[in-house]
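K.L.:
Sequence:
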Amino acid sequence: MKSLPLILALAAAAVAPLALTGCRQETVEVERSLGFDEWVPVYNRHIAGWLVKKKAETQAELDKVTASLASAADD
782 MKSLPLILAL
792 AAAAVAPLAL
802 TGCRQETVEV
812 ERSLGFDEWV
822 PVYNRHIAGW
832 LVKKKAETQA
842 ELDKVTASLA
852 SAADD
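Numbers given in the working numbering equal positions in the sequence shown, counted from 1, plus 781.
Just so you know, these hints were derived from the structure itself, not from any lab. All C-beta atoms, glycine included, are put in the ideal place defined by N, C-alpha and C. One or more of the hints may lead you astray.
[As the list claims (entries may be wrong)] Computed list of lysine to any residue pairs in SDA-like fashion (alpha-carbon distance at most 20 angstroms, straight line):
id, residue 1, residue 2
1, 834, 823
2, 835, 851
3, 783, 799
4, 836, 820
5, 834, 845
6, 836, 819
7, 836, 826
8, 835, 824
9, 835, 845
10, 834, 853
11, 834, 816
12, 835, 846
13, 783, 794
14, 835, 852
15, 836, 825
16, 834, 824
17, 836, 848
18, 835, 847
19, 836, 824
20, 845, 833
21, 834, 844
22, 845, 855
[To be verified] Derived Cβ-Cβ restraints for the label pairs, each shown as a range:
id, residue 1, residue 2, range
23, 840, 811, 46 to 52 angstroms
24, 814, 853, 55 to 61 angstroms
25, 854, 824, 42 to 48 angstroms
I would like the entire structure built from these sequences, with the hints used as guidance.
P.N.:
Encoded structure:
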């Protein structure tokens, strides 16, 4: 029975560090960016390429229709 206070003291000493540090909430500032500024030029290049392709397709179709109309007018 003499060892009971010693056991309680050791248990309290073992639990005290956990109790003192476990309730603290640490805040960490993490620097993040959305990356929008890097994304815009890539998107603009993509759209510019798409527009050039669509313009060429439309011009080819227009030339085809114009030739068809010219041959129909000659008949």
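K.L.:
If a hint holds in the structure, say so; if it doesn't, say that too.
P.N.:
Each hint tested on the structure:
no. : hint                          : in the structure
1   : 834 x 823                     : 17 angstroms, holds
2   : 835 x 851                     : 24 angstroms, violated
3   : 783 x 799                     : 27 angstroms, violated
4   : 836 x 820                     : 24 angstroms, violated
5   : 834 x 845                     : 17 angstroms, holds
6   : 836 x 819                     : 27 angstroms, violated
7   : 836 x 826                     : 15 angstroms, holds
8   : 835 x 824                     : 16 angstroms, holds
9   : 835 x 845                     : 15 angstroms, holds
10  : 834 x 853                     : 29 angstroms, violated
11  : 834 x 816                     : 28 angstroms, violated
12  : 835 x 846                     : 16 angstroms, holds
13  : 783 x 794                     : 18 angstroms, holds
14  : 835 x 852                     : 26 angstroms, violated
15  : 836 x 825                     : 16 angstroms, holds
16  : 834 x 824                     : 15 angstroms, holds
17  : 836 x 848                     : 18 angstroms, holds
18  : 835 x 847                     : 18 angstroms, holds
19  : 836 x 824                     : 18 angstroms, holds
20  : 845 x 833                     : 18 angstroms, holds
21  : 834 x 844                     : 15 angstroms, holds
22  : 845 x 855                     : 16 angstroms, holds
23  : 840 x 811: 46 to 52 angstroms : 51 angstroms, holds
24  : 814 x 853: 55 to 61 angstroms : 59 angstroms, holds
25  : 854 x 824: 42 to 48 angstroms : 44 angstroms, holds
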